[in-house]
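A.B. asks: Please work from the sequences and hints to get the whole structure.
Here are the chains, one letter per residue:
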Amino acid sequence: MSTARYWTMCAAVLAAAFAATAPGAQAAGDPIKIGASISLTTDFALGGVQQKGGIELAVEEANAAGGVPLKGGNRKVEVVYGDNAMSPTTAINALNRVLSDSPSAVLLSIRGTHVLPQLPLLQKAKVPGLTLTGVMKVTKQNNPFIFRFFPHDGMNKPPLIRYVVEKAGKKRVGVFYSAEDYGTSGRDETIATLKSLGLEPVAVESHQPTDKDFSAQLAKFKDAGADIIFLQTFQVPSALILKQARELGLNIPFALSSQSVAGSALKLVEAADIEGAYAETPVLDPIFNKNPEVQKWAQKFEKRFGFVPDYQALLDYDATGMLLKTIATYGPEPEAIAAGLHTIKYEGLSSPYQSDKEGNMMHTVSIVQIRDLKQIELERAESPLRAGE
Amino acid sequence: MRLRPHPSTGSLMLQLVFSGVAIGCIYALIALGFVLIFNAVGAVNFAQGDLLVVGSYFGILGVVGLGWPLWATAILVLAGSGLVGFLFQAFAYYPLRDKPTINVVISCLGAGIFLRNGVQALAGPEPYTMAPFLETRLVTIFGVNIPSQSLAVIAITAMILAFQSWFFAFTTLGRMLRATANDKYAARLCGVPVRKMIALTFVVSTALAGLAGFMLVPIFLASPNMGSGLIVKAWIGVIVGGFGSLPGAVLGGILVGLIETFAAKLISSAYKDVITMILLMVVLCVRPQGLFKSPVSEKV
Amino acid sequence: MTKRWKAVLLIVLGMSLLLALPFAVKSAYHLRLLNFVGINIILVLGLNFILGYAGLLSFAQVGFFLVGAYTGAILAVDFGFSFWLALPISAAVSGVFAWIIGIPTLRLRGHYFAFATFAFAEIVRLVALNWQEFTHGAVGITGIPSPSIGSFEISSDRSFYYFILATVVLGAAVAFRLERSSFGRALFAIKEGELAAESMGIETAKVKMTAFILSAIYAGVAGALYGPLNSVISPDVFSFDVSVVVLVSLLLGGAGTIVGAIVGSVLVTLLPEWLRVLQDYYMVVYGAGIVLLMIFLPTGLLGAARALAVRWTTKPADAAT
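Those sequence lines, one after another, are chains B, P and A. If you read the first sequence in this note's numbering, its first letter stands for residue 7, the second for the next number, and so on. If you read the second sequence in this note's numbering, its first letter stands for residue 3, the second for the next number, and so on. If you read the third sequence in this note's numbering, its first letter stands for residue 8, the second for the next number, and so on.
Note that these hints are calculated values from the structure, not bench results.
Derived DEER-like restraints, expressed as beta-carbon distance ranges:
(1) P:Asp185 - A:Ala212: 26 to 36 Å
(2) A:Gly157 - B:Arg386: 53 to 63 Å
(3) A:Ile110 - P:Thr103: 15 to 25 Å
(4) B:Gly231 - P:Leu293: 34 to 44 Å
(5) P:Ile77 - B:Lys302: 36 to 46 Å
(6) B:Leu205 - P:Ser13: 23 to 33 Å
(7) A:Val181 - P:Ala164: 54 to 64 Å
Quantities reported herein were computed from a predicted structural model and do not represent experimental measurements. C-beta atoms are modelled at their ideal positions from N, C-alpha and C, and glycine is treated no differently.
C.D. replies: Dropping the structure here:
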């Protein structure tokens, strides 16, 4: 008696729980949907909220202008969000949920380990994904549905290293990376580029993303006689490393990755911690960009969202802009958009975009030096692919 | 590769000893709040790292948000964290006091998820920083640069250790807490207000965690998830030192700090945490009562 | 006799519902969620041996999950092993890890065992992260092939569903048999009191070791399934959060019961998805929910359901008097 009832109860509870996960149905004639599968909670939300701001602003502007012009009249745009949080498994669920709303395209996270397991899903659904990750492997999977609005590590490391080695005359290079996909991807491309210049790093050290004390690694660079340290990590460890290097009296300059010199990262350090450091960044952070259009945009962004945009917001603003232009040209069908993104040229707010055969949209990178907590552009470098690719 | 010895290698080693001790004292400071709860109710509080973060953000609210001076902010941190500690035990611990350990563990983990995401929902994901508490940022002793904030942490750790040792050994309240921990029912029979004692323990422990969190902001920056990495090392320190022992927690914390620093320096920075974890397993298997504690039979 | 028929009827009904399920759910989202639920069930069924029956709090399950997933992926991608060979090897390697770890740690009690298993899970994750040459490092292993039977490839979520369902049913059946064997009774005896069990002539060390190895084998199988299902794995998948999810699943359903493990897994996998409508606050609510569940359903849903069923069946009698 009670067993039967109890089983029925279990089944009912489970069925109800499952039914509750159903996303809302979509009626015809609705706005065009675009998805965003990014990190909106946990540590990774730091980049995620920037991305969200960029996407929202582009969509709001398009809607304020009457929507995307299409053959059957203008259509408004709506963004469907899925939170990747910290785990690749959650990222798979987030993307699948977003995909079940039949979006025209999906904007993806800055995390390589989130995007890589999402690639087969995009290919199966035939929906294009637009990512900001620097992990090179993402566009090496022969997937025609992935587009990268970021110069990957194989593109952004060579100009920086060449500048530091050839122009700044550094020869004893230390490589310091965070033990996750972003850091190791930077490490691999840095070592490969050094090799192509006939150099070996004098020391290669790592740290955990949660580490707080870096004196041992910094001491090893000192012992190895490094005259520059290439650092690729996220904002908090980067700020701590720069601060501790100064406290230790290390006196070795740094060459940094874009994360370390974003406006939000520069707020975490004192001027003396980072003075003179070199860095690569896909575009200057909006607040350091001399272009009055970008300045105006940055002010508008801050007024709308209450925080200062960084390069990630700007890049996703451009990515969304390019996506909407592609929709206007090729219609809202995902496959047509994917084909269109491969051919279309787009003049974004910060840079021109055009896809190569792997889906890389950006081909330039800025080499900057930090002076008085500001990015000073040293050169805007073309980033041709490394020899043999 | 073969390397020339650097001229300043000697002082560099001394510098590393200091860095190891400093980070170890931070683990110890966190561990002291943790041991307090363990000693009082025999529960391992898996949310201690998140309670620490709550303290950090009360500090940020005071210094950055309200522009208060340090002493006023310190009061805010202690009071705010104490209140959170009271609520924490009222909702996440006390209703479960007679349930199996595993329920308490899961409840604490859940409360931790709640706190860390609550902080993020209120304060946003961006990290915060704040100026060191003392004017002089660096002190140089024997050619070693020492951040003044780290010295402050070491001093506070020593003070709290001394205070707790005195408190438990020589005050009536301390004895009542110890009696509660030993045997709730016997303590109740002797007229100890057990309910109040448990609440008080959590309030004090969380206030301590909050103070630690506040002091760490200038050293480590604050972000909603900063507690997770630190608390794991603090745990290891507690176990290596001896579960429940106050000086053990401090010595264990310092030992962990030194071992991870020198593992990174002498062996491998990539595998330093593996080495620390292996140390933990070895201590657990060979000497589960900890390195600095005399063996006692566990309560059955 | 009627009771038996009822049970048979229920099982037939339940199985046909489960078999028909993929045709009722259309979206890839729901199918993949179902598959994650299945993998979680296997993990939790394994954890049930060591935590539910033997009462030892273990954080090692995610470590065995990793070992299984990496063994399967490395064998398939780097050595070209077929899935059907990689699967038992993954399970066996996980089991061997449990044996090695179990020798020194299983005699530890309570929190000490919990911390030792936590250390194990961290060590394997860090090794997977840093041993680039062998594990492909932080970016992870891509292009893990789908299993195939003859010319039929198990690559769609639907075909995976049946495969995972079959594995879950097999796993539950094995667990069910073990629960009712002398081994299962020995485990319960250990949970009730190790000294008493020892004095009853139960070789507690051996029984606990068997339970630990079983839990690792289940996790190894779960790992070997996770890789081909998603075709990509990375160390990021195997964080401490997975330990929390499997622990909460077991506790929510009701530790020590197979049905509890299943019900808990379904709910805990779906709960965050269900809460997504709350957007920025869903993780806050999730955390609070876990606390509330521990307080109000300390014996899990199963315990609560039993209590409720007892009340239903006794109430009319009470009312009559």
